[in-house]
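No gaps in the numbering here: position 42 of the sequence shown is 44 in this note's numbering, and each next residue is one more.
It is worth saying that the hints were derived from the structure and are not from the lab.
These figures come from a predicted structure and were not determined experimentally.
The reader is advised that the hints may include incorrect statements.
Calculated lysine-lysine pairs in the DSS-like style (CA-CA distance at most 25 Å, straight line) [as the list claims (entries may be wrong)]: (1) K26 x K48; (2) K53 x K16; (3) K58 x K71; (4) K23 x K44; (5) K44 x K26; (6) K16 x K46; (7) K26 x K58; (8) K44 x K58; (9) K71 x K46; (10) K19 x K48; (11) K58 x K23; (12) K58 x K48; (13) K48 x K16; (14) K53 x K23; (15) K58 x K19; (16) K44 x K71; (17) K46 x K26; (18) K44 x K19; (19) K46 x K19; (20) K16 x K26; (21) K16 x K58; (22) K48 x K23; (23) K44 x K16; (24) K58 x K46; (25) K26 x K71; (26) K46 x K23; (27) K53 x K26.
Derived Cβ-Cβ restraints for the label pairs, each shown as a range [to be verified]: (28) A9 x V52: 10 to 20 Å; (29) K58 x K19: 26 to 36 Å; (30) P6 x D61: 15 to 25 Å; (31) S59 x D7: 17 to 27 Å.
Glycine included, every Cβ here is placed at the ideal spot set by N, Cα and C.
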Amino acid sequence: CHGPDGAPNATVAKMMKVEMKDLKSSEVQGMSAADIAGVITKGKGKMQPVKAVTGKSADDVAAYVHSLKK
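Please put together the full structure from these sequences, using the hints given.
And the structure:
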């Protein structure tokens, strides 16, 4: 749903009728790594949990999201 640079996919957002946050935004970047990992593993709003990403992998994704900081 997000591109490699963290930008939301407008087509997916429109199809799901949601506003997706850019992963580089201050709102997302202000989240703790644990909170980002929680969104990935538990989902949030219409975002379903990503069941293939757990444990250390979720921590790695959270670190990647933080690496996108503007």
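10 to 20 Å as the expected CB spacing between V52 and A9, which holds or is violated = Given about 18 Å between the Cβ atoms, the range holds.
inquiry  = Check whether the Cα positions of K23 and K44 lie no farther apart than 25 Å.
reply    = holds (17 Å)
query = Are K53 and K16 close enough, with their CA atoms no more than 25 Å apart?
reply = holds (24 Å)
request  = For the pair we were handed, K53 and K26, check the Cα-Cα distance against 25 Å.
outcome  = holds (23 Å)
key: Hinted pair K71 and K46, Cα distance within 25 Å   = Roughly 21 Å between the alpha carbons, so the hint for K71 and K46 holds.
task = For the pair supplied as a hint, K46 and K19, confirm whether the alpha-carbon distance does not exceed 25 Å.
result = holds (14 Å)
inquiry  = Within 26 to 36 Å: is that where the Cβ-Cβ distance between K58 and K19 falls?
reply    = holds (34 Å)
Holds or violated: K44 to K19, with C-alpha atoms at most 25 Å apart = holds (20 Å)
inquiry  = Holds or violated: K16 and K58, Cα atoms, limit 25 Å.
reply    = Between K16 and K58 the Cα gap is close to 32 Å, so the pair fails against 25 Å, i.e. violated.
request  = Decide if the proposed pair is consistent with the structure: K46 and K23, CA atoms, cutoff 25 Å inclusive.
outcome  = holds (12 Å)
inquiry  = For a C-alpha distance cap of 25 Å, please report whether K44 and K58 respect it.
reply    = Roughly 15 Å between the alpha carbons, so the hint for K44 and K58 holds.
message = Holds or violated: K16 and K46, Cα atoms, limit 25 Å.
response = It holds: about 17 Å lies between the C-alpha atoms, which stays within 25 Å.
Checked against the numbered hints above, the structure breaks hints 15, 21 and satisfies the rest.
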